[in-house]
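Position chain Y against the provided structure of chain Z, taking the given hints into account.
Same order as they appear, the protein sequences are chains Z and Y.
All residue numbers for the first sequence refer to our numbering, where the first residue is 1 and numbers rise by one.
All residue numbers for the second sequence refer to our numbering, where the first residue is 396 and numbers rise by one.
Treat the hints as calculated values from the structure; they're not laboratory data.
Note that CB positions come from ideal geometry on N, CA and C, so glycine has one too.
Mixed in with the good hints, there may be bad ones.
Derived DEER-like restraints, expressed as beta-carbon distance ranges [said to hold, decoys possible]:
| hint | chain 1 | residue 1 | chain 2 | residue 2 | range |
| --- | --- | --- | --- | --- | --- |
| 1 | Z | LEU5 | Y | VAL755 | 38 to 46 Å |
| 2 | Y | ARG459 | Z | GLY342 | 15 to 23 Å |
| 3 | Z | ASP207 | Y | LYS464 | 49 to 57 Å |
Protein chains: 2
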Amino acid sequence: MTVQLAPVPDHAPLPTGFRAGGVHCGLKKGGQLDLGLLLADRAVDAAAIYTTNQLVGAHVHLCREHLQKSRGKVRAVLVNARNANCATGEQGIADARQCCVALAKMLGCPTEQVLMASTGPIGAPLPTGRILGNLDALLGAVSQDGAMAFARAIMTTDTYPKAVHHHAAAGAVTGFAKGSGMIHPNMATMLGFLLTDGSTTGPAMADLLRRVADRSFHRTTVDGDTSPNDTLMLLAGSTSSTSGATLEQTLTRVSQSLARTIAADGEGATRLVTVQVRGARSESEAAAVGRVVATSPLVKTAVAGRDPNWGRILSAAGRAGVRFPAEHARVWVGPADVYSGGRPHPENEPLAHRHLVDDVEVVLGVDLAVGDGAADVWTCDLTADYVQINADYRS
Amino acid sequence: MTVQLAPVPDHAPLPTGFRAGGVHCGLKKGGQLDLGLLLADRAVDAAAIYTTNQLVGAHVHLCREHLQKSRGKVRAVLVNARNANCATGEQGIADARQCCVALAKMLGCPTEQVLMASTGPIGAPLPTGRILGNLDALLGAVSQDGAMAFARAIMTTDTYPKAVHHHAAAGAVTGFAKGSGMIHPNMATMLGFLLTDGSTTGPAMADLLRRVADRSFHRTTVDGDTSPNDTLMLLAGSTSSTSGATLEQTLTRVSQSLARTIAADGEGATRLVTVQVRGARSESEAAAVGRVVATSPLVKTAVAGRDPNWGRILSAAGRAGVRFPAEHARVWVGPADVYSGGRPHPENEPLAHRHLVDDVEVVLGVDLAVGDGAADVWTCDLTADYVQINADYRS
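Pulled out of the complex, with its shape left as it was, chain Z reads as follows (with noise of 0.2 Å):
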């Protein structure tokens, strides 16, 4: 069980100058897509970040070295699921740039405009040839209807497609993600993809698409792993006018959207959590105590059996590292204030109870009082289903 948050769209429109779609290549069972293809029609700027994991996928690898080669430009990123490409040594390197090239060669740029990712159980050799195989179907298969195809076929333990898309008459963002919150089996990664018309190049894209996962990405704690496969990519046409603040507030917004349906879709989850941080001395303060909140097992657990336990909230908030006078703090549990003036408010439990029985989204929230600095984190709940699932995944 996860929360769907919205009707999954049959259709995600592109911004002009991409193309995008999905093949089945033998990967997934029973015919279901697994092999992505992001095409620009030309080659466009791009930037990526990475996992912070001291273990680290084959195709992390070759995309710094792609991405630094070919100074920032792209035209193709090949994605598989179903299989990491990880822990498989110097061999997964290599299988992964036979990708790369035959691909580049299809499509008559060089090798280093193309990128790769994969995702999915480590330890197993790529099956290039089932890749290499379908290379020519996936090319057919690419449209600028393709998004949904696309989304499709990057899923592995997610039980929805994730596309978002913010298309204004000065420019266009459409971004993808996979990643099935809580908690990944067998290492299952956050991958994400953002297209757009917009312009922007060299390292101020590097810093922008920073600064975009800080705010999104960054905040969704499932379950404090990160996996050796994260990544995000930015990839920019410069065929509109958008550009700088505008640029960078459609980016989060879409990537805040992405973040928000991948805590939706944490196994087990019965609810989106979203952790308000208010007060603190700065917006990165506020986000370190969200994401201590948001992790807490306690806090999960609390929501999970429908219970406004502000001592959980607030004795995680508590650990954070973060220095504040627990006496003048605010919890709050939906529209109920449950601690304030350095005393619970037991009264107004039943409203904040209600919050958490009735809604499907529901905020705890946190004032520390004693700055301005604001941030919101979200998660799921933590349920014994996730337990389940995440137990007997490999015995």
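Just chain Y now, with coordinates in the frame of chain Z:
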């Protein structure tokens, strides 16, 4: 269900010069012991370390004040269960003080030589009437044979009392702890008390206690939550010749045993897990890696599923903020190497699986291959039972 490592002893000896005991004062149901006392025949040297949480129980304020005022001299430690006296404001501190004043008067010692510790649900006023009305009975109940009564009186969600002793010709240490591992419902607290007839005093005593905790209680990671009331106290009677390195070694040994029982008594736990980290640059880096592995829900659910999932172990180690080349790392589960030389060893997984199935105390190991630093960290597995317990606790 929790892991019972050894039969609960009927009796634990106390070091010379100490008495202990417990009575029922009406906080727990069914006449169970809920008020405990540690009593030194004369004022002894004492040191304490407390939670780093920003939310702090009343007893922590009071203990800090008393130890400073008494220059580290203590006659008695009063402990109540089933009420944390936390988030109770100024009144909570006044309530705790009142208990200490009354007990000091009965003992004929300065108030500041009496310490107090409280554990249980937070946010409710301390029932001082019940405590004050039973101090007489408590003083009558303490004896040299009262260690197990004290251990039982400080239990909250613990399923068995936790007392460990190491008595040798040169000197004696008896330790007590409470804390129910996995996750602390309503902030049930880690409390630890160490009594010795050995000698240590002043700033050196405080440093000693911190080193002991760093190698024991600070290496029991449960859910990563520090409660507002966490407290560890050391009382040293100086009647034996034990001191220095010998005393530190014995205190560390007793504390590690207590720390293991806390992990083993985790809610829903079916396995005590020792995470062995080897080959780190330093002991502290090894401990940091061990704590991340031992806190990972991915790793803990894998143990619950009896799955020797090397990928989850290596990936958790990889996100601890410690640099190491994953291709040279080694991962083992019990007697079986499951990853080394940059690749998994599926042929060894059946042996690893048998270890997880057959043994109640299991070992997960990682060698980082960058130095000689080593540390063990203790935790337990994460089962669906534990989520159920914590979701349902207060709803």
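Against the structure, the hints:
no.: 1; hint: Z:LEU5 <-> Y:VAL755: 38 to 46 Å; verdict: holds (42 Å)
no.: 2; hint: Y:ARG459 <-> Z:GLY342: 15 to 23 Å; verdict: holds (19 Å)
no.: 3; hint: Z:ASP207 <-> Y:LYS464: 49 to 57 Å; verdict: holds (54 Å)
The structure agrees with every numbered hint stated previously.
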